[in-house]
Each structure stands twice: as structure tokens, then as C-alpha cells.
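Novice: Sequence:
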Amino acid sequence: MRILVVGSGGREHALCWAIAASPLCDKLYCAPGNAGIAAEAECVPIKVDELDKLVGFARDSKIDFVVVGPEAPLVAGLADKLRAAGIKTFGPSGPAAALEGSKSFMKELCAKYGIPTAAFRRFTEAGPAKAYVRERGVPIVVKADGLAAGKGVVVAQSLEEADKAIESMLVAREFGTAGAEIVVEEFLSGEEASFFALVDGKTALPLASAQDHKTVGEGDTGPNTGGMGAYSPAPIVTDAMAEQVMRTIILPTVKAMEAEGRPFTGVLFAGLMIGPKGPRLLEYNVRFGDPECQVLCLRLMSDILPALIAAADGMLAKFHLRWKTEAALTVVMAAQGYPGAYKKGTEIRGLDRAAALKDVVVFHAGTERSKDGRVLATGGRVLGVSALGKSVAEAQARAYAAVDQIDWPEGFCRRDIGWRAIGARGGEAEIEREK
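In the UniProt record's numbering, the protein residues as written are 1 to 435.
Hints are supplied without guarantee of correctness; some may be wrong.
Keeping only pairs whose Cα atoms sit at most 25 Å apart, straight-line, the calculated SDA-like set for lysine to any residue is [unchecked claim]:
id, residue 1, residue 2
1, 344, 405
2, 255, 239
3, 324, 393
4, 343, 324
5, 151, 87
6, 112, 132
7, 324, 206
Simulated from the structure, these hints should not be mistaken for lab results. From a predicted model like this one, the values you see are computed outputs, not experimental measurements.
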């Protein structure tokens, strides 16, 4: 098969890495790709928002199957355009991608179909939103309705902080049209987890569990980012918990989307809060998580390509996946200043030394190769240094040993990725559960 992956981040590098290993893949392209992806695929200089160019390339290059990585082109309808051109595609339609593209749509769907989530209200004006915050009290969560690259969520600990978030979104328009409407919702306590399922419109196939670190600072402090690291499996997601999530959240959502005339195909990524009352849905994403995709691809024993095709073809009912018993952990290296302003074009050295370590893969998220062959940082989150191990603790040790081989003074990373699994649970229980 001739395959095209759309995107340029760490998620897309992991997908290319896994797809390139499939015996079904004869030729792999990635648009636009990055310096790391170039080792797995032929990179095509088409941006993810150039939908018509992507469709034209896929048609002209006789692409058999397209895997759309990021959310923005899915929300914009890329999968619809590709299918209209007769090209098989992994990823939801534009109407189905509203699960991520509009938090208001997602929350209203949950309310209508009894899917457990936080209490909420929608607002387009600052005054009523502030009044609702005072009615509910703090802590409280303020979210931009649309796509904000993982940064449109504020967990306000004070009324002042909530007011500031509301003003920044609705008045200052910090997130542009994505913040023209906001959702103010109940603060949920517990432990967060990422839950993924492949969906073919009617059937859902759960993937291995994962947990990410969204905040920039160690101890899970500071502003939210697109993700500073992840690990799999997540001890909090026991077999019983996974069954409960499928029964109360994932499968009801699949049925609800079909009932709404927006059947969902692709990967459904549920951000969960697991507390004393069980799992509740924080948000849906309609694509693989980044950096969760990296740890899932490292642990997947099965060929990924038939699974993605089965989801696109409505054939998941009797499909099964096999997973490695080892744990996987990814440490994100980001440019100094991220998630605020950061410098681009700095050189990264030592990548070959890091990748040469046992059970280590360095996924690229924001890189390009200069004309003289140097690898340069071009984004905020730049590398996903990933490793396997018999436990989360061993995977963590290997990943940080690889980080220490990388020479990039302008970069930084958290040094505590996986701390919940290692500190609270000893780092071994999660492996025993999956054996």
C-alpha cells in the first residue's frame, strides 16, 4: 500500500515509525513531516491546513490510505474531502470531529445522553460567566470552546484567576475565535488518565492505557502545555476501570454520535478524571494524544496498519491487538520559554548517541534539517525521548539516560515524568496487571 500521514509532530513521527514497519506498507509519505520523520517517510512540503493540496497530492500519488494526525484538519473537514475523492482515510468527518472542535457540543452531547462529566454552563459574555463562577465557587475550570492547542484550559483557584481567564478569552480574545464562546465547569478532583479506543462508527476497540503530564512544571505545576511526557500502562486504569470506561463513556458516545447523524470513525481519546465516584469525562480529542501516541506505539506488538484500516472500513467487531508487557515512557524536550515565547532555529546535537541506547527511540516533534545537515529546533515541544522497560521506573531511567546524551542548551524537560506510577504505586503493579 501507498500511505500518507498528515502532520509534523511527535505523534506523527510515532505513527510513521509504526506504519513503516508494516509489511503492508510499500511507500510512506508524510506531509509536511520533520527531520526525524524523514528517516521513516518521504516528506512532502504541504501544510496540514492546505486541504485541497493534500487531497490533490493523495490523488495524484495514487495514495491508498491516509492517516490524519492533528485535530485542526479533521475539524476543518479533511477526511470528508479525501473520502469524497475516493481515498480511504483514518480519521473522523468534520461533523464528528466537533467532539474536539467544540467543547460546548461535547458537553451538550454528554448531558443529552447521560455520559458522566462535570456540571457546566456555556457563555459568550463575560458578565454572566463571572456571575456563574461566584454562584459555583472556586476552584473552577474555564475552557475556550474551540481548538487552542492544549492551552485553552484554566483551572482557577481564586475568583480573581477565574475572572482573568474569562476576560482573556471573551474580551481580549487571546485564543481568537476559539474563545468566542467558553465553557465554565465544575472542578473535578482525582487522578487524570488518557483512554484511547479505535472506533469504526459502531464498534470500539480499547487500546492500552496511558497517562500524560500536561503542566510545564515538576510535580504537575504551572501552566498547561500540549504535554510534557507520558507513560503506559497507567496503574489507575485497572481492567475493571477500563471496562467501566467503555460501558459508561466510550460506547454510549459511539451510539450517541450515530444517533446524531455524525457516526464517528478514527480514534477517540477520552481525557478522564478518576475519582471516588468513578471515571468522568473531562474532554474528548478526535486523534491520538501527543505524547501518549509515542508510548502506545512503542508498546504495540501488533501491526498498526490493519487496525487503522479496520477502523476506517467498519471491521473492528472481531479485531484484536497484542501489547508488550513492558512499560513505555516518553520525556518531552521543549524550547526554553515554552509554553510562552521561545526561540527557534537552535541546534540540537547528540541525537544519534541518545538513539543508540538500548530500547530507546527519539521521536521528533518540532525539528528541521538545515542545508548543512544540522538538526534545528522549530517548535515549542521539540523531541519525545522514549524508552521501554520492565517497569515504569526502568523505562524512566532509560529515557533520562538518553536525554542526558542530547546536547541542546536551549532546551529543557521535566525530570519527574512517571512520578505518580513510580512514587505512589512502586512502578511494578501496572506491569503485573497486564501480564
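Novice: Determine for every hint whether it applies to the structure shown.
Specialist: For each hint, the structure was consulted:
1. A distance of roughly 21 Å separates the Cα atoms of residue 344 and residue 405; the hinted pair therefore holds under the 25 Å criterion.
2. Taken as a hint, the residue 255 and residue 239 pair is honoured in the structure, with Cα atoms around 22 Å apart against an allowance of 25 Å.
3. For the given pair, residue 324 sits about 16 Å from residue 393 by alpha-carbon distance, which is consistent with the 25 Å threshold.
4. The suggested pairing of residue 343 with residue 324 is violated, with an alpha-carbon distance near 38 Å, which exceeds 25 Å.
5. About 33 Å separates the Cα atoms of residue 151 and residue 87, which puts this hinted pair outside 25 Å; it is violated.
6. Taking the CA atoms of residue 112 and residue 132, the gap is near 21 Å; set against the 25 Å cutoff, the hint holds.
7. Restraint check for residue 324 and residue 206: satisfied, since their Cα atoms lie roughly 15 Å apart, inside the 25 Å limit.
Hints 4, 5 from the earlier list are contradicted by this structure; the remaining hints agree with it.
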